[in-house]
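Enquirer: The first sequence lines up with residues 25 to 626 when you count with our numbering.
Think of the hints as simulated: they come from the structure by calculation, not from any bench. Each hint can be trusted.
Derived pair list, reagent style BS3-like, types lysine-lysine, alpha-carbon separation capped at 27 Å: (1) Lys299 with Lys284; (2) Lys297 with Lys276; (3) Lys144 with Lys105; (4) Lys284 with Lys297; (5) Lys162 with Lys71; (6) Lys297 with Lys277; (7) Lys220 with Lys343; (8) Lys341 with Lys220; (9) Lys557 with Lys585; (10) Lys557 with Lys528; (11) Lys341 with Lys105; (12) Lys592 with Lys557; (13) Lys123 with Lys105; (14) Lys162 with Lys123; (15) Lys162 with Lys343; (16) Lys48 with Lys217; (17) Lys220 with Lys162; (18) Lys71 with Lys557; (19) Lys585 with Lys617; (20) Lys217 with Lys432; (21) Lys557 with Lys48; (22) Lys162 with Lys48; (23) Lys144 with Lys162; (24) Lys585 with Lys71; (25) Lys585 with Lys528; (26) Lys617 with Lys592; (27) Lys71 with Lys48; (28) Lys297 with Lys432; (29) Lys217 with Lys617.
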Amino acid sequence: MRMSQLFSQTLREAPADVEVDSHKLLVRGGYIQQLAAGIFSYLPLAKRVLTKIEDIMRQEINAIGGQEVTMPVVHPAGIWKETERWYQVGSEMGRFLDKSGRDMVLAMTHEEVVADLVRKTIHSYRQLPALIYHIQTKWRDDPRPRAGLIRVREFTMKDSYSLDIDWEGLDHQYRAHYQAYFNIFHLCGLPVKAFKSDVGMMGGSMAHEFMYLTPIGEDTLLVCDQCGYAANRQIARFMKTQAPTELPQPLKKVATPDTKTIDSLAAYLDIPKSKTAKAIFMVASLIQGIETNDRLVFAIVRGDMDLNETKLTNALKAKEMRPAREDEIIAAGAVPGYASPIDLEGVLVVVDDAIPASPNLIAGANEEGFHYSNVNYERDYQAEIIADIAVAEEDSHCPECGNPMSIKRGVEVGNIFKLGSRYSEAMGANFLDQNGEVRPVIMGSYGIGSGRLMASIVEEHNDSHGLIWPITVAPYDVHLIVLHKKAKKPQEGSSVKERDLDPKAIAEELYEQLEAAGIDTLFDDRDESPGVKFNDADLIGNPIRITVSQRSIESGGVEVKRRDQEQKNIIPLEDILHHVQATVIDLQSEINKLVIPIPFEE
RNA sequence: CGGGGUGUGGCGCAGAUGGCAGCGCGCCGCGUUUGGGACGCGGAGGCCAGCGGUUCAAGUCCGCUCACCCCGACCA
Numbered sequence: 025m026r027m028s029q030l031f032s033q034t035l036r037e038a039p040a041d042v043e044v045d046s047h048k049l050l051v052r053g054g055y056i057q058q059l060a061a062g063i064f065s066y067l068p069l070a071k072r073v074l075t076k077i078e079d080i081m082r083q084e085i086n087a088i089g090g091q092e093v094t095m096p097v098v099h100p101a102g103i104w105k106e107t108e109r110w111y112q113v114g115s116e117m118g119r120f121l122d123k124s125g126r127d128m129v130l131a132m133t134h135e136e137v138v139a140d141l142v143r144k145t146i147h148s149y150r151q152l153p154a155l156i157y158h159i160q161t162k163w164r165d166d167p168r169p170r171a172g173l174i175r176v177r178e179f180t181m182k183d184s185y186s187l188d189i190d191w192e193g194l195d196h197q198y199r200a201h202y203q204a205y206f207n208i209f210h211l212c213g214l215p216v217k218a219f220k221s222d223v224g225m226m227g228g229s230m231a232h233e234f235m236y237l238t239p240i241g242e243d244t245l246l247v248c249d250q251c252g253y254a255a256n257r258q259i260a261r262f263m264k265t266q267a268p269t270e271l272p273q274p275l276k277k278v279a280t281p282d283t284k285t286i287d288s289l290a291a292y293l294d295i296p297k298s299k300t301a302k303a304i305f306m307v308a309s310l311i312q313g314i315e316t317n318d319r320l321v322f323a324i325v326r327g328d329m330d331l332n333e334t335k336l337t338n339a340l341k342a343k344e345m346r347p348a349r350e351d352e353i354i355a356a357g358a359v360p361g362y363a364s365p366i367d368l369e370g371v372l373v374v375v376d377d378a379i380p381a382s383p384n385l386i387a388g389a390n391e392e393g394f395h396y397s398n399v400n401y402e403r404d405y406q407a408e409i410i411a412d413i414a415v416a417e418e419d420s421h422c423p424e425c426g427n428p429m430s431i432k433r434g435v436e437v438g439n440i441f442k443l444g445s446r447y448s449e450a451m452g453a454n455f456l457d458q459n460g461e462v463r464p465v466i467m468g469s470y471g472i473g474s475g476r477l478m479a480s481i482v483e484e485h486n487d488s489h490g491l492i493w494p495i496t497v498a499p500y501d502v503h504l505i506v507l508h509k510k511a512k513k514p515q516e517g518s519s520v521k522e523r524d525l526d527p528k529a530i531a532e533e534l535y536e537q538l539e540a541a542g543i544d545t546l547f548d549d550r551d552e553s554p555g556v557k558f559n560d561a562d563l564i565g566n567p568i569r570i571t572v573s574q575r576s577i578e579s580g581g582v583e584v585k586r587r588d589q590e591q592k593n594i595i596p597l598e599d600i601l602h603h604v605q606a607t608v609i610d611l612q613s614e615i616n617k618l619v620i621p622i623p624f625e626e
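Whole structure, please, built from the sequences with the hints as guidance.
Expert: In structure tokens form, the structure reads like this:
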């Protein structure tokens with residue numbers, strides 16, 4: 025490609041409202057343009073990167089038996105009503121009416137369409153297992169798009185769907201994806217770590233997220249350096265400190281003025297926070313068939329811990345959860361700041377599993393300025409649910425080995441879910457087994473967002489001058505620069521020797537040669553000053569830079585420099601093709617070394 | 001949805017107390033230049049986010065709306 029023809033424009037300065045590096049560089053390099061919040065156009069340079077990323081995905085998913093399909097972006101609402109996600113998903117789903125007034129859905133994912141395909145195509149165990157995938161646009165009307173391509177509303181995703189006769193088969197395909205995903209990310213030059221995660225609205229029994237660890241990530245992760253335990257904070261377990269064993273003491277009301285917070289209460293009574301019970305009121309939307317029902321929930325954790333809303337949501341199997349308003353708390357007969365589970369009727373009480381093991385706690389007395397001391401679970405009050413609902417913090421102890429864990433931030437670049445029969449049962453995606461019995465297909469789903477992956481690669485590979493693409497995903501292998509005197513009219517009678525020394529003529533010939541050899545080359549044939557060309561080359565970030573100039577010719581050839589190294593070499597013209605091919609192979613093998621078997625961790 | 005911020009040529013910005021819309025980069029033409037964002041001369045390009053007020057006069061003052069960004073809620 026000739027740069028003089030490239031549909032693109034590099035910018036010396038990034039737009040003022042752009043913050044993260046990947047966004048800044050992709051905009052400055054002329055890769056992307058924003059149309060609206062979370063909606064982007066991908067210009068030719070970005071499209072080439074995305075195509076390479078997607079080809080890597082194809083290669084790896086094909087290798088584990090995937091067959092590529094294309095499923096629609098616009099769906100009739102009917103299939104989403106069959107699985108009830110039409111009712112369960114909120115404003116994130118794009119809905120509209122077609123000309124006849126029928127409800128339509130913009131695809132946010134494709135389980136429903138897959139289940140529909142399966143019920144029309146799969147009838148026998150002989151057709152299973154199977155794996156289908158596509159690379160297709162998704163629309164998720166995220167309430168807060170941010171950070172360029174990291175969190176958008178319209179995006180392209182590679183999503184695959186495994187189909188099996190039983191859970192054993194699913195486990196096999198799940199593990200195959202686990203490794204294939206590591207291969208994909210490593211081939212893209214992106215370091216990732218797998219984390220156990222919440223299944224969320226996808227449902228199912230097991231999920232892993234593939235996280236690129238970076239401070240700009242918005243997922244919070246707990247990692248144990250000792251034993252390797254790694255989990256999203258939403259579900260991370262931890263070893264709770266044991267309360268000292270004590271005999272239950274008699275319940276006693278104590279005056280505790282101005283102690284609406286645990287901190288002030290513990291300070292006033294001069295006791296550790298772990299001797300108090302923390303009351304949190306939430307309103308949960310509980311699903312009952314296609315109806316939802318809002319209930320006030322009284323959650324109790326020990327004073328030295330905080331509530332984890334995801335864990336509470338899962339414990340209640342609730343659709344949504346929000347903090348209760350003060351008037352809702354009062355309406356239930358509780359006193360904010362002094363709320364007590366004792367003798368409080370009509371609320372749904374959920375206690376953390378550390379509470380029954382912690383005797384003689386201080387809890388509210390449901391009276392302004394008073395608490396009870398020596399509150400004991402079971403004797404003084406009971407809960408509908410006892411569950412782990414406390415959130416893990418920095419230095420919380422690992423649930424596996426007890427070592428203090430650390431907190432990291434990450435971008436979720438991929439995820440894998442064991443769905444089971446949730447969608448197949450809802451939609452009648454069944455098959456006949458060997459005994460002639462009707463059974464639901466056991467499904468798994470596996471996604472990678474290609475734009476987010478591209479942005480993460482940029483986030484990982486850049487310097488103060490611009491991008492540094494791994495060769496596997498670079499828009500071009502070679503960035504060819506020619507520095508020349510103003511192009512002169514070819515002179516009559518100019519000697520062969522003169523033409524041989526003309527940088528422009530040499531560069532043109534080299535460009536043809538590289539292209540013919542299958543080396544993708546971006547040829548900066550513009551009439552720009554050397555500074556502009558070098559700076560654009562660094563910004564765009566292709567892995568190999570070749571400079572043809574008077575100076576290089578006088579030194580005996582052309583100059584070659586890797587984007588990720590400082591060193592420059594003069595290579596004689598007769599060796600250049602071979603040298604570039606060897607460098608491409610070197611860069612490739614550096615990436616290939618990263619692709620290694622990764623042990624599966626439950 | 002709550003809190004904060006910003007809207008003036010493609011990008012970055014300036015336009016006190018209302019009085020002819022500017023600068024740098026980029027873009028076009030001509031010329032000089034060519035190893036790290038060159039220089040000269042001449043150009044093109046803006047209903048100042050939109051709507052409605054106040055005023056002889058609004059980019060500037062007032063009201064409403066919209067868009068975008070950041071923090072939070074949310075998020076497969």
